[in-house]
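Peer 1: Chain by chain, the residues run as shown.
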Amino acid sequence: LTMLVLSPFAFSLTEEGQALMAMKSSFNNIADVLLDWDDVHNDDFCSWRGVFCDNVTLTLTVVSLNLSCLNLGGEISPAIGDLRNLQSIDLQGNKLTGQIPDEIGNCGELVHLDLSDNQLYGDIPFSVSKLKLLEFLNLKNNQLTGPIPSTLSQIPNLKTIDLARNKFIGEIPRLLYWNEVLQYLGLRGNMLTGILSPDICQLTGLWYFDVRGNNLTGTIPESIGNCTSFEIFDISYNQITGEIPYNIGFLQVATLSLQGNRLTGKIPEVIGLMQALAILDLSENLLVGPIPPILGNLSFTGKLYLHGNMLTGSIPPELGNMSKLSYLQLNDNQLVGEIPNEFGKLEHLFELNLANNRLNGSIPHNISSCTSLNQFNVHGNQLSGSIPLSFRNLESLTYLNLSANNFKGIIPVELGRIINLDTLDLSSNNFSGHVPASVGSLEHLLTLNLSRNHLDGPLSAEFGNLRSIQIIDMSFNNLSGSIPPEIGQLQNLASLILNNNDLHGKIPEQLTNCFSLSSMNFSYNNFTGVVPSSKNFTRFPADSFFGNPLLCGNWVGSICRPYLPK
Amino acid sequence: DMTQQKKLNGPGSAPPSCRSKCGWCNPCHPVHVPVQPGLIIRLEYYPEAWRCKCGNKLFLP
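Residue numbers (our numbering), protein chains in the order written: chain P, 10 to 575; chain V, 1289 to 1349.
Only chain P is shown next, with the shape it has when bound in the complex:
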């Protein structure tokens, strides 16, 4: 054995084979996937799964190890450091635990290192900075901790650093910013602190800058306009304060995400000149003042999010010129005035959310020209008028929320033609008249909330066709007639809220077939007869039935339990 080990040729060959066998022994869940890693039956390790060899200095040697997405558990053996000619390691998408071994720093030829999507913990070993040829470092989605080593800046050709979704702490090392080669810096979803250094614009080759979801503080540096190579600038969900600097207008970014910070002051007009913006997200900050009409110049922008600020004034009609817009969220501000007619020009608009403002006037008729509209939410405004008949053209709508406004008039029969609706919420308005039977044809409907209006007439038997429905809330109306037994067909119905109406007759026995029904309120109506007592009805408390003087049930004070206990 000693002779063999001393033989230089055999030694170089078997050392790599032994290193691979040592790696195998520290993995687990290997039964199926590393079957051919077997030095007894096949010592040609270059033929093993995921092992790639090449002729380096006249010797066949392992240059690449690709064991991605094989469900491997266990740990990465320190023996990896004996594979000294490795240029690429890809172990992403396994269940590896333990620490990244220090010995990885001995793989001096390494160009590509991908350990992402595992359960590795501990620090990034300092030895990584010995990998002078490394260009790609991906450690995202692990449990790694400790600070980001500033010695990463000593790797001269490092183009990609992706450390997203770990538990890194401390500051982003300032030295890292003095790297003209770095193209991609992904740090989202860690616990990094400190400020956004003015040095970030020294990253003259960087196109992707993402620190979303950390604990960074301080202001956006005035020098930000020098970061002209950035295509994506995402500092969202940190604790950044101060105003958005004018110099931001010099950025050439496609994505500007500042949401979820504590930015104050007004939206700078200069943003309206940033026509390269595909996504502008300033939402969930403390911004005040009006929406600058010049934002309407952003004719290539697909997503505009300004929600969750303290914006005032009216919605500029110029936003109707944003012809590529698909998402517009202005909800949760203090906007006044009317919904601009010009929104009718937004033929690609997919989601329009104007909820929780102080808008008045009626919904413009030509909103029906937005034929791509999927979600329309104006909850919590002071809008009035009736539902435009032209709404029936919005055949792509899945979410329609007009609740908590001053709408009046009837619920148009044509609503039943918006066949993809999953939510119809018209609650807390002044709608009157019958609920049209056509609502029963909305077979994808999950939530129907018509509560707190002045609706009258009976509940249509067609409601029994709402086969997807989970929530029906018709409470606080003037509905009369009896509950159609067809409601008993609704197998997904979880909540049936009919309190404070004028309903009468018996509670149909068929409702006991509503397998999913877990919440109901029939109180304050004129129901008679006996409350069913089997199956799901055993779950419902007495107060689901209060206020029906002629209804007989198993509660204290019911007409069929005349003897109050002492």
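A hint or two may mislead.
Stated by the list, open to error - Here are the simulated lysine-lysine pairs, BS3-like style, with alpha carbons at most 27 Å apart: (1) P/Lys168 - V/Lys1341; (2) V/Lys1309 - P/Lys333; (3) P/Lys515 - P/Lys544; (4) P/Lys33 - P/Lys139.
Since the hints were derived computationally from the structure, they do not count as laboratory data.
Given chain P's structure and the hints, the job is docking chain V onto it.
Peer 2: Chain V only, in chain P's frame:
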């Protein structure tokens, strides 16, 4: 120097022109493409960048 030029021209940006960015392929248009950051999380949109598109092929602007 592009940075200098931008400064002289004042603030603002424009989508790439994509002129002769798709090799021999025609026509060549600027498009938004999503860039996947980390894990896919529901309700979390991808950042988007500009690329030049011809047929099914994407090119750097």
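Peer 1: Taking the earlier hints as the rules, which of them does this structure contradict?
Peer 2: Structure breaks no hint.
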